[in-house]
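Protein sequences appear in the order of chains A and B.
Add 41 to a position in the first sequence, counting from 1, and you land on the number used in the numbering used here.
Add 41 to a position in the second sequence, counting from 1, and you land on the number used in the numbering used here.
Rather than coming from a laboratory, the hints here were simulated on the basis of the structure.
No experiment lies behind these values; they were computed from the predicted model shown.
Please note: incorrect hints may appear among the correct ones.
Identical chains share a label here; the pair holds if one copy fits it or two copies do between them.
Said to hold, decoys possible - In silico DSSO-like links for lysine-lysine, alpha-carbon gap of 27 Å or less:
#1 Lys205 - Lys280
#2 Lys158 - Lys333
#3 Lys280 - Lys134
#4 Lys333 - Lys70
#5 Lys134 - Lys70
#6 Lys333 - Lys205
#7 Lys199 - Lys70
#8 Lys280 - Lys70
#9 Lys259 - Lys333
#10 Lys134 - Lys205
#11 Lys259 - Lys70
#12 Lys280 - Lys259
#13 Lys158 - Lys70
#14 Lys205 - Lys70
#15 Lys158 - Lys280
#16 Lys199 - Lys134
Protein chains: 2
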Amino acid sequence: MTQHDPVRVAINGYGVIGKRVATAVLAQKDMRLAGVVDIATDWRLRPLEEQGIDLYAASSEHAQTMRGAGFTIAGTLDALLGQVDVVVDCTPKRIAAQNAEIYRANGRKFIVHGGEKHDVTGHSFVAEVSFDSAAGRAATRVVSCNTTSIVRTLTALKRAGLLKRARGTLLRRATDPWESHLGGIMNTLVPEPDIPSHQGPDAQSVDPQLDVVTMAVKVPQTLAHLHYWSVLLTRNASKEEVLDAFRASSRIALIRAGDGLAAINTVKELMADLGRPHDNLYEVALWEDMLKVEGDELFYAYMVDNQAIVIPDTIDAIRALTGLARTAEDSIAQTNETLGIRAAFC
Amino acid sequence: MTQHDPVRVAINGYGVIGKRVATAVLAQKDMRLAGVVDIATDWRLRPLEEQGIDLYAASSEHAQTMRGAGFTIAGTLDALLGQVDVVVDCTPKRIAAQNAEIYRANGRKFIVHGGEKHDVTGHSFVAEVSFDSAAGRAATRVVSCNTTSIVRTLTALKRAGLLKRARGTLLRRATDPWESHLGGIMNTLVPEPDIPSHQGPDAQSVDPQLDVVTMAVKVPQTLAHLHYWSVLLTRNASKEEVLDAFRASSRIALIRAGDGLAAINTVKELMADLGRPHDNLYEVALWEDMLKVEGDELFYAYMVDNQAIVIPDTIDAIRALTGLARTAEDSIAQTNETLGIRAAFC
């Protein structure tokens, strides 16, 4: 492969993340989607044929069952691995850790997601922070939705010299929309039993210097997570200084409650109105008019689309591992343009 | 009235708070419920007759309509005011402020609730903090559910010499259960547009020394509020010291997620199992096993039954205004015993 050939990408697992990664890869000029691997036999894989994406089976046993269910199967994972440069693993939690051995044995670069532990790849990825250290590596882990949002926002404050320590309360959506018929909580709130919750330490897997503590609670809705933060600044600051710090990140988009974006459902509706695939909100959507600075203390809230926020970072991770882009800035700029990522929605 | 005659209590407004106050007053040996005033003409007032509580109408016009709907009306508010020592106003927000003029003109002591502003009475009440300053006053305001919980918990830390400053995120239930058919939010989260939210300053109306900032968000459930707190302590402390501080308040009950009380619905079910009227949780239910101390920082979460938490304080406010009890301790002990208030549910 020369620098100018498109990188050949395989996606293993066509679920909530996998299908969004597929759409995003198709939008990149420097990548080619070689195929998608799955094991399902129902409606979830039907859109692949319409999109002209080759479907592979995880094993020959799965291939037989899937063919029996009427799907055209191009081959197995093993065969696909011979034709690609990098695998994006989007299988359910803990399965990717087993797959990692297969990718390694086949000498393929790979990306896992935030359900896996840092140790699975030894490197944790958020484009704005750890692109450079991922360059040329065999593998990285794109951290979870909540962790991605934490690293983006706290890094913005840190780069402005404003961050001392951050304490956050995370309201986690109960379940994903597509599987909410399988059961989620109803008319209650379920605190995560451990304080601090795991997202703080996970953010430190990307940047060990972050002084961050999180608490989390599951809430009965399916749309997105919502974060509330109390941050101690290094000094007294103005609201405008803080907003400028957030504006310096291209993946934090300011929104305004006063503009009618008063709740998470209205933000999702706007993403649909903008014609984004799956109504994806790739940005951290941070309420500009709610944000408050009192002396050296900062308070704010933002929304995290748990199904979409890691998609741009996954695209950047592909470029980092395969050398498609020399700098984080180059990769981020390409990804932002192809996905229509915005600095603000107001 | 001598010190030994029961205090005669009128309740104006038989809604979510009024009906609970009525039941609580009936359980007090030193009080007599003279009557309840309302304007409704439907099912909501039917339980009064079964309980043997006299029903009054807010005006003669209302009396006529209510009689037309089949209710036995003992008279009007004006008539009832001539027979009581104190009125507990439980009418909807802002109506109590107008009623206050009527109570004053009739020389009756009165209590309003947290929907009204501090200025309506010039005094804000939480039994453990402002009983003494309410003694003998003409009127006081029992603060809102959230504010009551904040004052109880932060006062406990303050009295142990541990409180420096507290920052909280409040998850507010969308609507009360009895009126959830009238519409509440569904499958979304609605941030309160102002940060800080009003509960912090409201807690300062009881104790101006509290360094407290709150943020609030409405969540799609009807059971209770849930608070998450990050507190900076005056010094490093142990978890046991902090728990002892909370245990020193008789109106904070420790619960354990590990005991199966892992969410707010299970706590409400326990209140029902204990046979409490309306499944009332009068205490702040604070998760002992989730609570975490890290150096001089404290993190914890608790549940607030917005319909019930102010009931014991309202009973104590009656005693404070009318001189029924000489000390906060005496009143609180009586109220706790009659309502079955507990130090822990584990």
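We went through each hint and held it up to the structure:
no.: 1; hint: Lys205 - Lys280; result: both (16 Å within a copy, 25 Å between copies)
no.: 2; hint: Lys158 - Lys333; result: between (35 Å within a copy, 24 Å between copies)
no.: 3; hint: Lys280 - Lys134; result: neither (40 Å within a copy, 34 Å between copies)
no.: 4; hint: Lys333 - Lys70; result: neither (41 Å within a copy, 49 Å between copies)
no.: 5; hint: Lys134 - Lys70; result: neither (30 Å within a copy, 60 Å between copies)
no.: 6; hint: Lys333 - Lys205; result: both (16 Å within a copy, 21 Å between copies)
no.: 7; hint: Lys199 - Lys70; result: neither (33 Å within a copy, 61 Å between copies)
no.: 8; hint: Lys280 - Lys70; result: neither (39 Å within a copy, 56 Å between copies)
no.: 9; hint: Lys259 - Lys333; result: both (25 Å within a copy, 19 Å between copies)
no.: 10; hint: Lys134 - Lys205; result: neither (33 Å within a copy, 41 Å between copies)
no.: 11; hint: Lys259 - Lys70; result: neither (39 Å within a copy, 43 Å between copies)
no.: 12; hint: Lys280 - Lys259; result: between (30 Å within a copy, 25 Å between copies)
no.: 13; hint: Lys158 - Lys70; result: neither (31 Å within a copy, 61 Å between copies)
no.: 14; hint: Lys205 - Lys70; result: neither (40 Å within a copy, 55 Å between copies)
no.: 15; hint: Lys158 - Lys280; result: neither (37 Å within a copy, 29 Å between copies)
no.: 16; hint: Lys199 - Lys134; result: neither (31 Å within a copy, 44 Å between copies)
When each numbered hint is compared with the structure, violations occur for hints 3, 4, 5, 7, 8, 10, 11, 13, 14, 15 and 16.
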